[in-house]
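Participant: Listed below, chain by chain, are the residues.
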Amino acid sequence: MIYLDNAATSFPKPSETLDYLTNFVTNIGGNPGRSGHTLSLEAARIIFEAREKLTAFIGMRESERLIFTQNGTESLNMALLGLLKENDHVITTTMEHNSVMRPLEFLRSTRGISYTAVTCSREGFLDLDDLRPVMKGNTRAVIINHGSNVTGAVQSLEGIREVIGDTLVILDACQTMGSVPVDMEELKADILCFSGHKSLFSVQGVGALYVRLGISLTPLKFGGTGSKSESVEHPLFLPDRYECGTPNTPGIASLLGGLTFIAREGLSVIVERKQALRRKLLEGLRSVDGVIVYGHEGKGPRAYLPIVAFNIEGKLPSEVGYELNKRSIFVRVGLHCSPVAHQTIGTFPKGTLRASPGYFTGEDDLNTFVEAVREIAKK
Amino acid sequence: MPKNSVFLLFHTIHDVLRAEKIMKERSAAYELVPVPRNLSSDCGMAIRLDDDPKDIGHYLSGIQIAGRFSFDGANYKRLDP
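Taken in order, these protein sequences are the chains called A and B. Sequential numbering from 2 applies to the first sequence in my numbering. Sequential numbering from 4 applies to the second sequence in my numbering.
Heads up, a few of these hints could be off.
Straight-line C-alpha distance at most 30 Å; calculated DSBU-like pairs for lysine-lysine [what the hints assert, rightly or not]:
| hint | chain 1 | residue 1 | chain 2 | residue 2 |
| --- | --- | --- | --- | --- |
| 1 | A | K14 | A | K327 |
| 2 | A | K54 | A | K14 |
| 3 | A | K54 | B | K24 |
| 4 | A | K379 | A | K327 |
| 5 | B | K27 | A | K54 |
Label-pair restraints from in silico Cβ distances [claimed, not checked]:
| hint | chain 1 | residue 1 | chain 2 | residue 2 | range |
| --- | --- | --- | --- | --- | --- |
| 6 | A | E231 | B | S30 | 29 to 39 Å |
| 7 | A | H235 | B | A32 | 29 to 39 Å |
| 8 | A | V233 | B | D75 | 33 to 43 Å |
| 9 | A | E159 | B | I68 | 33 to 43 Å |
| 10 | A | K86 | B | K27 | 36 to 46 Å |
| 11 | B | P37 | A | S319 | 53 to 63 Å |
| 12 | B | Y62 | A | E159 | 35 to 45 Å |
Quick caveat, the hints were computed from the structure, so don't treat them as lab data. All residues carry an ideal CB built from backbone N, CA and C; glycine is no exception.
Starting from the given sequences, assemble the full structure and let the hints guide the process.
Facilitator: This is the structure:
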């Protein structure tokens, strides 16, 4: 079995993920912050530690502003639906996932916002100068996909403040967290949205966003928080304002395990390993007659995640994916929930195959994968 | 429960645990206890200190304390923030 769909979710997980998850479910199991007993307190401590570590991981300090969610999509919805009001204008790009495009479309049709999607290059890169002419007096935020789930292109945001001033920057870092350093100060991000189950190695069902001091969002959900219980008014205090109902504590425990693993291995080691796999994958795919690789080249300094979109000439992605699946090689086919990104790179509506190795992918796995692609291409 | 305790109440469990982290770093004598019902109807936790070291308040200055009470073994008395 060769799993090359780590951009969808990482698999396998490190043993720390399972250890922390199992320890919580087996030995703790309490509802965090809801009761005065030891198991409730221990559950709260796990969430607290995960919140503190994750906050430090993104270069920030005020951990109460790190909000746990169900996934990256919920984080992005919280940011967009919580921030934008009637007549607000938003700038985004043509490399966004539907977890950005669909909330924006919803807000456009129901709340009277407007948005401009700046066209990226065919490799998936944004030219920051292209933001300047579309800035308006009512531009509330710029929302950018930090790393593409289609081409793997990582956007450079250096100099963004010179272009957009103090307009809010919302970053979709679902693909970059754990694959490249993500520091909110360096990136000048105001709200960072991401998932936990990709390169942070949690189980599925965990995401987060960090909301910089001074930004207030209208919550998406209201309810029990374990705090201010005497009042029917939702609390103003963070993180409780944005987190209500019983959280996914087992998932957050697994995220703490994932962060522990990353700290032990070293992020720079992980980044380098993934880049080595990316180079090997590219080299292999480019050696196959009839294979078209999208992106991963271009002028100037370019950064890419280990996410490679490709097609075989004359074949549908679904056919190739089917053949690979028969060989127990798992990649993703189609549009990857990103129709506008595929329009940008010229692969809409057919889409592409997408191979995304992870930290635990072996070089042999990539050799086997490339030979399978070669065999399928000859058919 | 020892006499002459001080209870610190917070708005969120997150703040309780932030305060606990500082207490641990300072090797302060404390215990996390359920919020006494006669102080608040909140269902969370409070921090009980065996005495009232003034410098703890200083170290917790970055955390919003919702209430500070002394306890003499029988009665609670609200202290200045």
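Participant: If a hint holds in the structure, say so; if it does not, say that too.
Facilitator: Comparing the hints with the structure gives:
The straight-line distance between the Cα atoms of K14 (chain A) and K327 (chain A) is roughly 24 Å, inside the 30 Å bound, and the hint therefore holds. Restraint check: the Cα-Cα separation between K54 (chain A) and K14 (chain A) comes to about 19 Å, which is no more than 30 Å; the hinted pair holds. For the suggested pair K54 (chain A) and K24 (chain B), the alpha carbons sit about 13 Å apart, so the restraint of at most 30 Å is met. For a cut-off of 30 Å, the pair hint linking K379 (chain A) to K327 (chain A) stands: about 16 Å separates their Cα positions.
For the given pair, K27 (chain B) sits about 17 Å from K54 (chain A) by alpha-carbon distance, which is consistent with the 30 Å threshold. Take E231 (chain A) and S30 (chain B): their Cβ atoms lie about 34 Å apart, and the range 29 to 39 Å holds. Remark: the range hint 29 to 39 Å for H235 (chain A) to A32 (chain B) is upheld by a beta-carbon distance near 36 Å. The hinted window of 33 to 43 Å between V233 (chain A) and D75 (chain B) holds, with their beta carbons roughly 34 Å apart.
For E159 (chain A) and I68 (chain B), the Cβ-Cβ distance of about 41 Å falls inside the hinted range of 33 to 43 Å, so the restraint holds. Taking the beta carbon of each, K86 (chain A) and K27 (chain B) are about 43 Å apart, inside 36 to 46 Å as hinted. For P37 (chain B) and S319 (chain A), the Cβ-Cβ distance of about 58 Å falls inside the hinted range of 53 to 63 Å, so the restraint holds. With their beta carbons about 38 Å apart, Y62 (chain B) and E159 (chain A) fall inside the hinted range of 35 to 45 Å.
Hint compliance for this structure: every hint is met.
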